[in-house]
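Whenever a hint applies, use it, and build me the whole structure from the sequences.
Protein chains: 2
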Amino acid sequence: MIEQKFKPKTRSFLAEAQAFSAGQSTPRHFLEYSLEIASDIEADLHAFVFLDADGARRQADASSKRWREGRQLSPVDGLPVGIKDVIETIDMPTGMGSPLFTDWRSDRDAACVYALREAGAVIVGKTVTTEFAATEPGPTRNPWDLERTPGGSSSGSAAAVGAGILSAALGTQVIGSVIRPAGYCGCVGFKPTIGALNRGGSHDYMSQSCLGVIGASLEDTWQVAHEIVQRCGGDPGAPALDGPDRLPSPLQPASLALIETAGWADASEEAKSRLEQLLERLTGAGVRIRRRTSLSLLDEVEQAIIGSLRLSQIINAWESRWPLNTYAQRDKEKLSQAMQRRLTEAEAMTLTDYKAALEKRALIRILYSRLATDCEACITLSAPGVAPRGIASTGNPVFAVPASMLGVPALSLPLLEEQGMPLGVQLIGFAGQEAKLMSIAAWLRDLN
Amino acid sequence: MIEQKFKPKTRSFLAEAQAFSAGQSTPRHFLEYSLEIASDIEADLHAFVFLDADGARRQADASSKRWREGRQLSPVDGLPVGIKDVIETIDMPTGMGSPLFTDWRSDRDAACVYALREAGAVIVGKTVTTEFAATEPGPTRNPWDLERTPGGSSSGSAAAVGAGILSAALGTQVIGSVIRPAGYCGCVGFKPTIGALNRGGSHDYMSQSCLGVIGASLEDTWQVAHEIVQRCGGDPGAPALDGPDRLPSPLQPASLALIETAGWADASEEAKSRLEQLLERLTGAGVRIRRRTSLSLLDEVEQAIIGSLRLSQIINAWESRWPLNTYAQRDKEKLSQAMQRRLTEAEAMTLTDYKAALEKRALIRILYSRLATDCEACITLSAPGVAPRGIASTGNPVFAVPASMLGVPALSLPLLEEQGMPLGVQLIGFAGQEAKLMSIAAWLRDLN
Numbered sequence: 001m002i003e004q005k006f007k008p009k010t011r012s013f014l015a016e017a018q019a020f021s022a023g024q025s026t027p028r029h030f031l032e033y034s035l036e037i038a039s040d041i042e043a044d045l046h047a048f049v050f051l052d053a054d055g056a057r058r059q060a061d062a063s064s065k066r067w068r069e070g071r072q073l074s075p076v077d078g079l080p081v082g083i084k085d086v087i088e089t090i091d092m093p094t095g096m097g098s099p100l101f102t103d104w105r106s107d108r109d110a111a112c113v114y115a116l117r118e119a120g121a122v123i124v125g126k127t128v129t130t131e132f133a134a135t136e137p138g139p140t141r142n143p144w145d146l147e148r149t150p151g152g153s154s155s156g157s158a159a160a161v162g163a164g165i166l167s168a169a170l171g172t173q174v175i176g177s178v179i180r181p182a183g184y185c186g187c188v189g190f191k192p193t194i195g196a197l198n199r200g201g202s203h204d205y206m207s208q209s210c211l212g213v214i215g216a217s218l219e220d221t222w223q224v225a226h227e228i229v230q231r232c233g234g235d236p237g238a239p240a241l242d243g244p245d246r247l248p249s250p251l252q253p254a255s256l257a258l259i260e261t262a263g264w265a266d267a268s269e270e271a272k273s274r275l276e277q278l279l280e281r282l283t284g285a286g287v288r289i290r291r292r293t294s295l296s297l298l299d300e301v302e303q304a305i306i307g308s309l310r311l312s313q314i315i316n317a318w319e320s321r322w323p324l325n326t327y328a329q330r331d332k333e334k335l336s337q338a339m340q341r342r343l344t345e346a347e348a349m350t351l352t353d354y355k356a357a358l359e360k361r362a363l364i365r366i367l368y369s370r371l372a373t374d375c376e377a378c379i380t381l382s383a384p385g386v387a388p389r390g391i392a393s394t395g396n397p398v399f400a401v402p403a404s405m406l407g408v409p410a411l412s413l414p415l416l417e418e419q420g421m422p423l424g425v426q427l428i429g430f431a432g433q434e435a436k437l438m439s440i441a442a443w444l445r446d447l448n
Numbered sequence: 001m002i003e004q005k006f007k008p009k010t011r012s013f014l015a016e017a018q019a020f021s022a023g024q025s026t027p028r029h030f031l032e033y034s035l036e037i038a039s040d041i042e043a044d045l046h047a048f049v050f051l052d053a054d055g056a057r058r059q060a061d062a063s064s065k066r067w068r069e070g071r072q073l074s075p076v077d078g079l080p081v082g083i084k085d086v087i088e089t090i091d092m093p094t095g096m097g098s099p100l101f102t103d104w105r106s107d108r109d110a111a112c113v114y115a116l117r118e119a120g121a122v123i124v125g126k127t128v129t130t131e132f133a134a135t136e137p138g139p140t141r142n143p144w145d146l147e148r149t150p151g152g153s154s155s156g157s158a159a160a161v162g163a164g165i166l167s168a169a170l171g172t173q174v175i176g177s178v179i180r181p182a183g184y185c186g187c188v189g190f191k192p193t194i195g196a197l198n199r200g201g202s203h204d205y206m207s208q209s210c211l212g213v214i215g216a217s218l219e220d221t222w223q224v225a226h227e228i229v230q231r232c233g234g235d236p237g238a239p240a241l242d243g244p245d246r247l248p249s250p251l252q253p254a255s256l257a258l259i260e261t262a263g264w265a266d267a268s269e270e271a272k273s274r275l276e277q278l279l280e281r282l283t284g285a286g287v288r289i290r291r292r293t294s295l296s297l298l299d300e301v302e303q304a305i306i307g308s309l310r311l312s313q314i315i316n317a318w319e320s321r322w323p324l325n326t327y328a329q330r331d332k333e334k335l336s337q338a339m340q341r342r343l344t345e346a347e348a349m350t351l352t353d354y355k356a357a358l359e360k361r362a363l364i365r366i367l368y369s370r371l372a373t374d375c376e377a378c379i380t381l382s383a384p385g386v387a388p389r390g391i392a393s394t395g396n397p398v399f400a401v402p403a404s405m406l407g408v409p410a411l412s413l414p415l416l417e418e419q420g421m422p423l424g425v426q427l428i429g430f431a432g433q434e435a436k437l438m439s440i441a442a443w444l445r446d447l448n
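Quick mapping for you: the protein sequence lines, in order, are chains A and B.
Residue numbers 1 to 448, in my numbering, belong to the letters of the first sequence in order.
Residue numbers 1 to 448, in my numbering, belong to the letters of the second sequence in order.
Worth double-checking, as some hints may not be accurate.
Which copy? The list can't say, so a pair holds if one copy fits it or any two copies do.
As the list claims (entries may be wrong) - Below, in silico cross-link-like pairs of lysine-lysine (DSBU-like), each with a Cα-Cα straight-line distance of 35 Å or less:
#1 Lys334 / Lys360
#2 Lys334 / Lys65
#3 Lys436 / Lys355
#4 Lys334 / Lys436
#5 Lys65 / Lys332
#6 Lys436 / Lys360
#7 Lys332 / Lys360
Note that these hints are calculated values from the structure, not bench results.
See below:
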């Protein structure tokens, strides 16, 4: 049993930025506290596979100079950021959470990493990922309780932001890899619409894969995503993340739809009851909460998304037939049993099977999009409860997978608690409407 | 001046396959003649950056054994194929036509390469590409006249198929990189709908980029594309190439639209006159040829596509901001002047500029799709004339770029000649209708 000496607290960089302009603090000063936390707990936390403290100090010094001279490159100039280890970096290895990629270097930055450098962000290190951003867990622990999982696959990103080491970290989600760990670690988690942030140079090539941001606050999260998209856009040809230069203003929604998902049956009574209490407060504030019992379209959507996890697994299997087949060609023993099973499933599939799954997904997406006439967003949990004990599994993705399958934006907000652990509330929006989702989230946070 | 001792002739593998079944020939025998041609002319032709004769012989022997035992893996089992050197191979370097990637090995096969291996094809080697499949030419020469360019960027693929060394080779097209070299070298060139063939593991990530096949015959071309797609699909989430297990049957079209494109002004009088003679024969056979002078929608389309090249350059510039920026970060001097200019253009652009270009493209695509009510396909030249003299430029892509910008399938057919050089005829279809385009092409070939 590891002793929990540490009470985590996220650290918003943007909340401190006024002090940089006023000369009362510097990004270097901000970073030093990050490194202090890291030196206290990283040996137990294992959020990083690579942490370049000296490099980060040099970047932070350059940033401090820019702020002093009023030449900062963007609002995130100096923000300490971590890069999920499936995303390429020119100056650090990219290990993919796989022994096939130990010490592998691509000698280039991914699009999002290069964009962050252009914006002046301080690249602190590479954060632990499960194997190829899938299920095989890494060594990372939850900063709120070291006996618990941080969630996955963006395990290290969520743990480091939750612990206050980083103000933001990049994650990727194809099933539930941003929303779930953000919820477990008390961070904001943001998975935009599919394609909204450029995936170039990142090992997430599936049709549901999405680059996302885990942040200390809504402001930090939005700003990091915004600065990335301004510099490298979305995926080639796809509509890029759209929205204002700063976090969209709070907006009270007229109505939100409670979605239960297949997770309702698995969710703890405490978690459901905390969510219901929040919904009561929303109702009190004048928000109409739509429920499946009184809105037949919502009930139809619930029935359609109940198989989201299995449908996603089928689609992901075919879509990872390659490169898993060529990795097996190299050294099958270096793939986990879970990955070998996925490959076996993929190799038993035909193109026709895959097309049928895509068609099914397309129809569910259309059905869901019709909900936009009844509510401004959906609300639910980020996970069935707080982070489970143990690190042999990264937890149940059942609440996060519908937004992945639907390809729509989702946010995990650290609004609730249970057993002294954070419990994430999830907002799910409609394709391309990230700014609106952020506005609703800002209002919800301020209400809390 | 290099002496032209060689009269090239494409060699269809599928035309010989009956002999394999009958035990009258073997893939090894077929390959030996390939290697003989290569040893005669490759020193002048420079189609390959890497040619693995011993490895090819081993693969061909295994294939010969399978045919003998009636266990061939697919109709292309034993087909000698070349891989454009922007596409990754587990057993050969992938040089990208760039000094930044000299001797670079990815230690994996691209999706299409792995699929070809599963189908039993013999991977003979890597074929010369221009720098990053763009404009900076390689050393390859045209097999029909060594003083002329083979076209680009799939230079080596077209030259090797045109010379009869390979029955098919993979190419990529974002502007005119499959259609133009196929036309110049007397091959069939096939660029399907955007996304129809999986691009995983290939350095063509732009929204107009497309994996294509250059082949000795329509049969070889279709079969190679079909065997790839059955095993790795299209791009994740995109509609994959659809069609029958063998080349679609010939189909006489009721009407074809002649499109002039911005290239009409640049085209040689001889080339235009050869095309007009072909159109007369088509008319004689009962095909109605639509022209812009009598079909106002066609005239609208012509006006809309006249700026295809510039619009494509703008879109490609933004979309290659990354990775060119990180390549420059590594060593700017190793980028050609043309690539440095593209990066400079990209860095002067904003996301808003890019979105405007995408919107313009989307509108032109809608306009073009309406033509499907007036014709079954469009017909034009593959290039303004035969391959120009010299190898300092890969020629004018003006006729090929509209199909790239439109994202629709295109075929170059070696139906005409001029000055003893092949002159390609281009068919351009509608999104997702590759099988129909192949049927029309088969009919056209048989008419010829």
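Hint check results:
| no. | hint | in the structure |
| --- | --- | --- |
| 1 | Lys334 / Lys360 | within (34 Å within a copy, 47 Å between copies) |
| 2 | Lys334 / Lys65 | between (46 Å within a copy, 32 Å between copies) |
| 3 | Lys436 / Lys355 | both (32 Å within a copy, 20 Å between copies) |
| 4 | Lys334 / Lys436 | neither (44 Å within a copy, 44 Å between copies) |
| 5 | Lys65 / Lys332 | between (50 Å within a copy, 27 Å between copies) |
| 6 | Lys436 / Lys360 | both (28 Å within a copy, 26 Å between copies) |
| 7 | Lys332 / Lys360 | within (32 Å within a copy, 47 Å between copies) |
Checked against the numbered hints given earlier, this structure breaks only hint 4.
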